[in-house]
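Enquirer: Sequence:
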Amino acid sequence: MNSSPRMHEALVQEIDNLLPQTQCTQCGFAGCLPYATALAKQEVDLNRCPPGGKPTIRALSKLLDKPEKPVDPACGITIERHIASINPQHCIGCTLCIKACPVDAIVGSSKRRHAVLAELCTGCELCIPPCPVDCIDMVFLPEFSDWDQTQAHAARARMQNREIRLERQKEEQAMRLEAKAIHKLDELDDSPSPDAAAKKAVVQAALARARARRQAEKTTEA
1 MNSSPRMHEA LVQEIDNLLP QTQCTQCGFA GCLPYATALA KQEVDLNRCP PGGKPTIRAL
61 SKLLDKPEKP VDPACGITIE RHIASINPQH CIGCTLCIKA CPVDAIVGSS KRRHAVLAEL
121 CTGCELCIPP CPVDCIDMVF LPEFSDWDQT QAHAARARMQ NREIRLERQK EEQAMRLEAK
181 AIHKLDELDD SPSPDAAAKK AVVQAALARA RARRQAEKTT EA
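Residue numbering for the sequence shown is 1 to 222, as defined by the UniProt record's numbering.
Mixed in with the good hints, there may be bad ones.
When the alpha-carbon atoms are kept at most 25 Å apart in a straight line, the in silico BS3-like pairs for lysine-lysine are as follows [unchecked claim]:
| # | residue 1 | residue 2 |
| --- | --- | --- |
| 1 | K180 | K170 |
| 2 | K54 | K69 |
| 3 | K62 | K41 |
| 4 | K99 | K170 |
| 5 | K99 | K66 |
| 6 | K184 | K200 |
| 7 | K41 | K54 |
| 8 | K184 | K199 |
| 9 | K69 | K99 |
| 10 | K180 | K200 |
| 11 | K170 | K111 |
| 12 | K41 | K66 |
| 13 | K54 | K66 |
| 14 | K99 | K111 |
| 15 | K170 | K184 |
Just so you know, these hints were derived from the structure itself, not from any lab.
With the hints as constraints, model all of the structure from the sequences given.
Expert: As structure tokens, this is what we get:
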């Protein structure tokens, strides 16, 4: 018998609550929640989370009534939590690591040195590939080696808040561009230029495409 959508969502939430919320993507998914969703659908095995290691596999095994397995080596190996560390002498302030961090654990501004908030870093390593000057290393700090579910849930909350903020900023940027396009149309209405009509048609077409794209994104999200 197929489970109801409500039961499925409840199972996804239960699974997600057991994951370490590092958002490291080592499992092959874009984050912990997509992996939890795939597990609930029985589309993937329960041993694809190196950061969680044996404790997470054991918890998932009990919840899903499936046998325990070693961590899939194709996903990586389980090590003690390491923290990202930015070399301040080499950092150029490009902000790419800030954009890559899924839990807002890196602070700094454009053309200024960045720094990692060690207590918030999940050790996902996602900040390393985009760094153009290779100034980020993963270091082991005994005082930050532990990672419990309280920290995991706090990291998840930061990730969710970040996603909300980025979506809001995206919407605000779209609104600014739309207002700019409308202002341009008003200027073209008053323009005596012989090619004003052609320019207006181009702007109107671009505005229509932007609005259609935004509507499609809202429909997809719904």
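Enquirer: Could you tell me which of the hints above the structure violates, numbers in ascending order?
Expert: As far as the earlier hints go, 5, 9 are violated by this structure, in ascending order.
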